[in-house]
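The primary structure of each chain is shown beneath.
2 protein chains.
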Amino acid sequence: MTTATAFKARVVNGVDVSALNETVAAIKDNAEIAKFNFRATNKWLGGAKNRTTIKEFTGALDEHRNGIQAFIVDNSEHEVLLGYDEAPNPVEWLLHALVGCMTTSTVYHAAARGIVIEAIDSQIEGDLDFRGFFGLAPDVRKGYDALRVSMRLKTAADPITIETLTKMSPVFDVVSRAVPLTLSIETY
Amino acid sequence: MTTATAFKARVVNGVDVSALNETVAAIKDNAEIAKFNFRATNKWLGGAKNRTTIKEFTGALDEHRNGIQAFIVDNSEHEVLLGYDEAPNPVEWLLHALVGCMTTSTVYHAAARGIVIEAIDSQIEGDLDFRGFFGLAPDVRKGYDALRVSMRLKTAADPITIETLTKMSPVFDVVSRAVPLTLSIETY
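These protein sequences, in sequence, are chains A and B.
In terms of my numbering, the first sequence opens at residue 783 and continues consecutively.
In terms of my numbering, the second sequence opens at residue 783 and continues consecutively.
With the rest of the complex left out, here is chain A:
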């Protein structure tokens, strides 16, 4: 399928390709449009439980989600990790972020190229050795030491093409390369 076809098919994979192309053209004109700042606040609720509020973000030269209801989501831990299992734990939420980002990135980049996708079903898993977290083995890392993602797509495109699109994912980039993090702590 050619780019011309993608332009004609205004919506591909549920993505408004005309709007997508306009966005890309606008960014080429003014790089500031591409600069986003996402944020969240979190409140500890005792033990393994804490609550995140996700609302405003900055991007495309504007502030968004002002005055609307925030997304409120919890972290917990299963009993075997000394919590009450009221919500997924942070390392499970990371799997959600990663597999979701790889899916959305595939869908958007496929749409931009006119590649029609009819279905995507994925599985993700990660191995984590808590000897790292507990400081019991200096050679064992604290986070996942391996992640595995299997995606099954209904599409005429070949797996190698799809893999290229999947790897455009921002969260895939984050887990594949270190991100500098500034930590500021205040006690009172």
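Which copy is meant is left open, because identical chains are indistinguishable; a pair holds if it fits in one copy or across any two.
Straight-line distance between alpha carbons at most 27 Å, and here's what the computed DSS-like set of lysine-lysine pairs gives:
1) K936 <-> K949
2) K810 <-> K949
3) K837 <-> K817
4) K825 <-> K936
5) K936 <-> K837
6) K825 <-> K949
7) K825 <-> K837
Bear in mind the hints are in silico, worked out from the structure with no lab data behind them.
Starting from the known structure of chain A, fit chain B onto it as the hints suggest.
Relative to chain A, chain B alone:
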């Protein structure tokens, strides 16, 4: 506060310190207990929307959450990113995972050391330049190029001690160091 005090105070920061110490002792005895496998499945729902199911995991030589209700959570994108904003987007979920993990890790390690924490309130933000995602600038990465976390804790402990505990976080480890990811794609 000494370790002996922590043992006496069975619950510190809402964490069962006796159980925590038993877990650590058990892992020292048999490293296999520390090995966990977390997983999730994800289904694309069209456009920017996809849905993750989080349920069973393996750890402490057992399978968990068999036969209980799964956690079901969505990814979406805001209108400015061509979605309908039905849920946080994947890079926002990543902030949730990260700040939550840093909080829980601080709470658990503080409890193990007998450090009492009365409150934690955090802010997290990340800068993301979408020129990377759109492939418009080879020097711009696809994911966050900077993350900033501010934590405010009500505790007698000093910020430098707290920082050590915070950095025990598995998700902090993941964003601070690359994780090997195996990707398998099948099309039909």
